[in-house]
Amino acid sequence: MIASSPKSLDTMFSRSCKFLHLLVFLSVCAIIVSAFQSDELQEDDEDWGIVGAPVTTITNNNNNNIEQVTARTHRRSSQVSANEGSSVSSDSKVAFQLEHSFGDSSDFHVAGTFTARLRNSHHGGQIAQNLVLQQTLTKLRLARNALTVEEEQAFQALIKEDGFYTVRVPANVLSPGQDMILSSVKARCLASVNLQERFEFYMEKGNIIAVGYGGSDCAYPRNLIYPSKWSFDSHIVMRSGEQASRTLIVENEAEVELGEDGQPKQPVEKTFWQKYWMYIVPLGFIIMNVMTQAANLPDEGAGQTGAPQRAASAGPRRR
Amino acid sequence: MLIVTSIDLHTESGKGKLLLILGDRHLLGVSSVDGALKWSIESKELSDNGEMNIKKIVQHDEKSIYGVGFLSLSGFVVWDIDAKTGHINSRDVITHHQELSMNDLIVTESSVISLDRDGKNIVWISLNQQVLQIASIERHIPDGKGRPHLMEEHAGNIFVLKFKNQISLVNLGSSNVPELIQSLQDHSIVSLGIALPGGDKHALSVIQQVSEDKINVHIFMEEGDKIKVSSELVGSDIQRGFVKKAYLNAYTRNDRSHGFRVLVVAEDSSLSLLQQGEMVWNREDGLASIIEASTAELPLEKEGVSVARVEHSLLEWLKGHWLKLKTALMVASVEEAAAVQALRLKSTDKTKMSRDHNGFRKLLVVLTKTGKLYTLHTGDGRIVWSSFISGFRRSGGKLTMLKLLPWQVPHKHAMHENPVFLVAAKVASEENKFGLLAWVDAYSGMEINSVRLTYFIEQIIPLPLTDGAEQRLHIIIDDHANAHLFPATDESLQIFLEHAQSTYFYMTDKEKGTITGFAVKGPQTASPLSPSDGVLFRSQQLWTIMFPSDTERIVTTATRRVDEVVHTQAKILTNQDVLYKYLNKNTLFVATIAPSGAEAFGETSPEENWLVVYIIDTITGRILYRLKHSGMCGPVHAVFSENWIVYHYFNVRAHRFEYSVIEMYDRNRIDNKNMLQFMLGKDNATATLSSYSHVDLDVKTQSYFFSHSIKALTVTSTARGITGKQILVGSVGDQILALDKRFFDPRRTAEPTQAEKEDGIIPLTDAIPILPQFYLSHAYRVEGLRGIITVPAGLESTSLVFAYGVDLFYTHTAPSRIYDSLTGEFNYALLLITIFALLIAIIISWILSERKELKEKWK
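Chains as they are written, first to last, in the UniProt record's numbering: chain X, 1 to 319; chain V, 1 to 859.
Hint data in this document are derived by calculation from the structure and do not stem from the laboratory. Just so we're clear, the structure is a prediction, and the values are computed from it rather than from any experiment. Beta carbons are placed, not taken as given, at the ideal position from N, Cα and C, and that holds for glycine. Among the hints, erroneous ones may be present.
[Unchecked claim] Covered by chain X, according to a simulated footprint, are these stretches of chain V (three or more residues, beta-carbon under 8 angstroms): (1) 422-434; (2) 533-544; (3) 547-554.
Given only the sequences and the hints, what does the whole structure look like? Please build it.
Right, dumping it as structure tokens:
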């Protein structure tokens, strides 16, 4: 439960690392943004200028990084489009509010407005009865209200006491209800990076599951630094997680044999000699035996006739 | 309402039973021989207003049954039904001028008994005469207080009236006047009445708790018109609590009279058989309902104690040797051989009540559902002590046991203190909800202290902090998300205040599908020390994660063990690369499934099922990783250890069970990748980490098929975390399987390279194999397996495993084989002989060489 121990400080190191971390973080962001490739069928990519582009970074005055997210809802629909297989798209604007609080989790005020484009595209696929409604939230941007004097003071107090700055957004962005998604960060974390905030949205079907909110980096110990300016730099990332995939589907599962150390042993293919030596060696002996016998056969045949013949044959040799 | 009774029925084919099933719409007669429906009567035939009117059914004679019910509010209806055909022979109505109590109705052999609405009179009809009769309760039972109720238990003509302060047994004999047999005060339990064999005799027993350690067994036997009453006083164990249920059984004594024995279920779910004023046997069946288990170290062996013990049993020692000699010479009798066997078992080190060097001997402390603590010895499984927590017993309301936590572990300077456990429970009654805490000494079972909290317990969090007496600090979270610090002393408050700034907790609401994070805010009260309620701290809500209720539902969460020891933070590969494990303890694994997947299996298609797993940082509420498995459904079991999670679920598409593994590595620390730096300690392994810093996880995953559904999933734990791990699986066949963690390695590839092979990577297979030697439980089955706990032994190689369910099972496992001690099979004799032979050889060769040298010199 203890998040970090105040012992073993390494201030120097952390300071020098801060810039490095920022760099790493930014590059990672770029990777994240470029890594996502939607498989959605798009007809009017050019209209948006973001889908299909390798790096979808759009910079506005707030320096927002936007990534698109896809959400799917299955809907049993009677309004199956006449031309099955094609997709029908419509889009609308969605806006929802960002609220913040300074240390007191019951006292929230409006801090800004998120705007996004919602694309509803119906995909009448092979399954005619199940019309898939894809709701795509793109171009998510945040217009932050400027901090009032009171808010500035509250923020300063928060930095001083190392308190939490809390933000919240509605759980359902399409029809905001009672449910809110909260996220907090130590105010000093934001102050130390000059109010560069980062929102990481995890979404599923138009619902926000969680918001990861914080400064771009925050090393421990958090030093008392006040920001040089009182306006936020917002950075928004949208994520939907990964899809699990199997690496290997083995059709014929090989029998696993356990070796000495408890791990399965891969049966080693034996050479021809290793497999059949016990047959080859006796066979070799037999052949050799037969051959020697065959070689001796004439002698033996002579031997059978008796010694006088040998003596007779010996005679001419001597000559 | 469904009442099933059975009656004897004589048919052409012989004797058989007829099952009478009384439901809301039908009365059915079903043959017990072949299950055939003999007859059925619809409710409209048996009612006046369309609803089933029969409340009780009783056999009248061999041919007919009686169905008895109320006629509106003031009268009885009795149906006479033919048992063979289901034909209604007659319907009789007997009315009364006053209203009757609808809740009190019993039907004995010859009469229907009820009470009037305010419980002043007994109203009954005789089934033969069908005349309504009334008797005043006050006149017949003058000492009864309050409104009485009729108890269901009756025997023959004896029935029982339950008053506020007592129960009264009444005989409604042939005289047709209720006759008080006996009134019993105190806590009394009535058994069901039984019919005695041979003749129309009936008996009933009442177990009366006279005091905490004495019970009185009353037997009431009806013999014709006479009632015989007998009582026996039996001693009982205080630690078993009060009697909850009693079952009477009759037997024939040597003198042909009736004898009785009573099977008693006590408050702790133990069974005892009482006969002839003695407890014949008892069984600790409470151990079948273990909800929490933990271990405690045994006391250190004190010097001097063993010597005294030897002197004390010198005679026994001699006797033992004499017996052993006899058995060796084959002249011992069967009893003597058994005694020798018992002695041998006793003399082994396994069952000693002191700590051993290897840490194999431990006390298993278990908490059962009834609120009783048992301590078992790991050597032979015997119960060392068992104790009911007295502070919990008189709480009133529904008591739910929550947790068993080690409060004080003898360690360092508090070495000679006894270990203490904290037991937590909660009570929810109609009026209020509150928590209960008790501290129990692990060696004696003595209750040191118990408190009744003014708030409800939602969660108990042990902190990684201890005070001067080695008491662990705990915070208790109540239902308003306030934190209460225990122990409530100045010292612990001082210790906690140092860390209060960085204390966070989270709460999971499975119903709403939310996880909410909180931070603890400074102490609230000015004089915060109230020892019974802890020190109050408020909390601040920091974050919320909300899973959309129409797409996801939380099924399982898993965290790392609080006491887990990790040996190394890095994994060094053969190519000298270093992978840093992501070892943040504030990491939570959550698995959610599609709500449709929770419905009856087989009704949903693979497209409608999915499993989503999350890795969440519980300080910031950030989702570190999200992985969606399409076409998978629950139940999900998960285990989280070090930097990996293994979880088990069902693959709907492949119709097989599956395991997945997630391993997390920290990419942030990849810049000091060099193994040399790591070895020289020049890495940032000791730098303080903040949860608010950016986390860059390198997540590796893999899935494997598995052929079993499982009941429990856990992992071995060792003293220093060096030894490899085994995943312990409670299989659906109630066995325990130990699977090597290497099978779950996500780095497994189909054709590992030479370097990977050196790292111990097994070639990738489709499924996790189950080999016969994986069964830790051998041929045994742990019936009704519910949980497995693992405890490190003193030896690094060994982990102790305790599995519980209806049966209990305990064993050791060594995941990487026993590398730090010689096994029991080690041949010491051979070693000695070898050494001896070598010595002799050396001596002989030395002598020979000396002689040879001497000879050389003489030449």
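Against the structure, the hints:
1. 422-434: violated (count 0)
2. 533-544: Contact hint for the segment 533-544 of chain V vs chain X: holds, 5 residues under 8 angstroms.
3. 547-554: Check passed, 5 qualifying residues.
The structure shown violates just one earlier hint, number 1.
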